[in-house]
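Undergrad: Here are the chains, one letter per residue:
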Amino acid sequence: MDALISLKLDPLVAEDLRSGRQDARESEALREVMARLNTSLQPMHKLRHPDLDQFFIVLIQQANLSQALELLRKTSGVEAAYSKPRPEMPFDL
Amino acid sequence: MSPVPSIPTSTGASRRSKPILVIQVTRLLPNRAKVRSAGLGNFVRLNDDLGLGARRIFADELIARVNTQPESRVALGSMGRRFEPEALGRYYSVSVGDSEEEIRRARSLADALVRSGHAETAYVKPAVELPTSTSSSSLESQQGYLEKAPAGIDARFAWTRSGGLGSGVKVFDVEGDWNLSHEDFPTIARLSDGSFRDIEFRNHGTAVLGIMSAVHNGFGVSGIAPGAAYSVVSHSDTNMSSSAAISQGAQQMNGGDVMLLEMHSPGPKHSYQYRSDQLGYIAMEWFEDDLVAIRVASSLGIIVVEAAGNGAENLDDPLYDQPMTGFSTSWRNPFRRGTANSGAILVGAGAPSDRSPLSFTNYGSALDAQGWGEKVATCGYGEPGETNENTFYTTSFGGTSSATPIVAGAIACVQGVLKAATHAPLSPAEVRAILRSTGSPQPGSTPRIGDLPDLRAMISQALNLRASP
Numbered sequence: 606m607d608a609l610i611s612l613k614l615d616p617l618v619a620e621d622l623r624s625g626r627q628d629a630r631e632s633e634a635l636r637e638v639m640a641r642l643n644t645s646l647q648p649m650h651k652l653r654h655p656d657l658d659q660f661f662i663v664l665i666q667q668a669n670l671s672q673a674l675e676l677l678r679k680t681s682g683v684e685a686a687y688s689k690p691r692p693e694m695p696f697d698l
Numbered sequence: 007m008s009p010v011p012s013i014p015t016s017t018g019a020s021r022r023s024k025p026i027l028v029i030q031v032t033r034l035l036p037n038r039a040k041v042r043s044a045g046l047g048n049f050v051r052l053n054d055d056l057g058l059g060a061r062r063i064f065a066d067e068l069i070a071r072v073n074t075q076p077e078s079r080v081a082l083g084s085m086g087r088r089f090e091p092e093a094l095g096r097y098y099s100v101s102v103g104d105s106e107e108e109i110r111r112a113r114s115l116a117d118a119l120v121r122s123g124h125a126e127t128a129y130v131k132p133a134v135e136l137p138t139s140t141s142s143s144s145l146e147s148q149q150g151y152l153e154k155a156p157a158g159i160d161a162r163f164a165w166t167r168s169g170g171l172g173s174g175v176k177v178f179d180v181e182g183d184w185n186l187s188h189e190d191f192p193t194i195a196r197l198s199d200g201s202f203r204d205i206e207f208r209n210h211g212t213a214v215l216g217i218m219s220a221v222h223n224g225f226g227v228s229g230i231a232p233g234a235a236y237s238v239v240s241h242s243d244t245n246m247s248s249s250a251a252i253s254q255g256a257q258q259m260n261g262g263d264v265m266l267l268e269m270h271s272p273g274p275k276h277s278y279q280y281r282s283d284q285l286g287y288i289a290m291e292w293f294e295d296d297l298v299a300i301r302v303a304s305s306l307g308i309i310v311v312e313a314a315g316n317g318a319e320n321l322d323d324p325l326y327d328q329p330m331t332g333f334s335t336s337w338r339n340p341f342r343r344g345t346a347n348s349g350a351i352l353v354g355a356g357a358p359s360d361r362s363p364l365s366f367t368n369y370g371s372a373l374d375a376q377g378w379g380e381k382v383a384t385c386g387y388g389e390p391g392e393t394n395e396n397t398f399y400t401t402s403f404g405g406t407s408s409a410t411p412i413v414a415g416a417i418a419c420v421q422g423v424l425k426a427a428t429h430a431p432l433s434p435a436e437v438r439a440i441l442r443s444t445g446s447p448q449p450g451s452t453p454r455i456g457d458l459p460d461l462r463a464m465i466s467q468a469l470n471l472r473a474s475p
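Residue numbers (my numbering), protein chains in the order written: chain A, 606 to 698; chain B, 7 to 475.
Careful: at least some of the hints might be erroneous.
Claimed, not checked - Covered, in the sense of this in silico footprint (three residues per stretch, anywhere, with C-beta under 8 angstroms from a C-beta of chain A), are these stretches of chain B:
id, segment
1, 249–260
2, 296–308
3, 312–325
4, 328–340
5, 448–458
Derived by calculation from the structure, the hints in this document are not laboratory data. Remember, predicted model here, so these are calculated numbers, not experimental data. In this text, a Cβ means the ideal position worked out from N, Cα and C, and glycines have one as well.
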C-alpha cells in the first residue's frame, strides 16, 4: 500500500506549483526531487486559503517512504514533510 | 414560553403509515331518488367544499389495462358478485391523522357519506406497519444522556424551545463511513466516498450520527438535534487526508455550523505505532496539517468539535511540546492553546454515573467539555445474530467517540435556538466560554476533562449574551 506524505511548502513555491508553471525557479528543486522519486504532488485542499494553499500531498510506495522523507526535508522550499499515522475511530474497546 | 416546535418525521424510513379513510363514491343512478346528489361530479364538489384532499386510489392507466385484459376482469370478478372496472375509478382515499380525535372524526365523516348517499362504502383503515424486527422498539428510555442535568444534558428542555431541535444549523461528521440507509435517520448528504468500507467503520459512523440526528418517531432512538441538516465527509488512505476532509466540509458550511471530528491517531508516546489498546492516541489537531485546517474552519466561524482521543494521556505533558520529525519550525503545541489555539472544542469521556474521567480518556487543560463515554444507546452495531444493518441499535456505544456527538448535538441545539430568535449564532470562542462556565461538573479531584453540557444553562447564557448590548 502507498504511504501518504504531507508537505508544507514555502508560499512562493506553492504558488508556482499551483499555477502549473514548469519553468519556475522557486519550485525547480522540488520538481527534480519528484522526478527522482517517480511521483508527483497534488494540492491537499480544494478550499482556497493562504494557510491551506501551502499544503500538498505525495503518494509514495511504503518501501521508499524513509528515503523520500529524507530527500524532501533537504529540498529547498520544503517547510514540512512528514507521514502521519492514519486516523482511527476513538471508540471504547 | 416559545411554542413547541414540530418534530420532523423520517423521510424514507418510517415503519408506519397513517390511517386512511377509504371511500367508494356512489355510482350515479338517475332513477334512484336517494342518490340525486350523489355521483362523482358531486363528490368532487363536496371534496373541494370540505377540503378533504381525497385522492384517487386507482389510476386511469390501471383501469384501462383491466378493461382491455379479459383475464384481469375474470380474476377481479371472482372477488365479488359483479365486477365493473369503472368501480375502481370511484375509490378515493383521505389521509387521517394518528390521534384518537382525528380517527373519530374520520369515522363520523364515513358514516355521513354513506347515509347521505355520496358513498357506497366508506371506512377508516388502520395504519399499515412494516413487518420489521422488534429490535426497533423505542430505546429512548435508555438514553440517559438526554435527561435533566446533572445526569444528562437536558435535551428535552431544548426541544421545548423554538429552534431547539437544531433547525437552521448544518452538522458535518468527518470520519470513515456510515450506513446512511438506517431506518432511524433523516436524509443525510454524503460529500465524499472514503476508502473504509468495512462494517466497523459503518457501525461507528452510524452510532455517532444516531446520537445527534435520529428522527423522533416513536421507535429506535431520539437524536439530540434532529432538526439540523446533516452531511458526512470521509477521509481516505489515498487522496483525502483527514485535514483535506476537514477543509472540504468547511467549504460547504457557514459560521455557526457544527463540524464533528470523529478520529484520533497514534501519538509520540509510543512512537506513532498502532496499538490495539489505543494507549498514547491523541486528538487530530496535534498534527500540523490538521491544526491548520481546523484553525481555518474556526476562523470561518465553524464550531469544530473534536474527540480528545482514547490514549489515557495527559495532554499537558511536555512530551507534546516536541514536534513530530518533519513538522515545520513554525509549529507549536496546540494543547497549550495560546498562539497555537486550534479554536476547536476538545471533548473527553466521562462516566454517566458521576462524570469522572473514564480510564481511557485523554485529559488536560485543553479539554473543554465531556460527554458520556460509555453505555450510550444509539444506532448501529446491533445484537449478535442480527443481519439487517438498517435496524441495528446498541446500548453500549462508548469512548470519546460517544462523548463528542453528545457535545456537538448540544451545541447544535443552542445555535438553533439563537437562529430561531434571529440572533447571530455563537462563535467558536463563545461556545468554548459557555461550555467552560456552565454544565454539570466532574468530581473535584479528578484530572480535567471539563463539564457535561447542561442545555438549560447553555441556552440561558447564550440568550443573555445576545441580549446584552
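Undergrad: Would you list, in rising numerical order, the hints stated earlier that this structure does not obey?
TA: As far as the earlier hints go, only 5 is violated by this structure.
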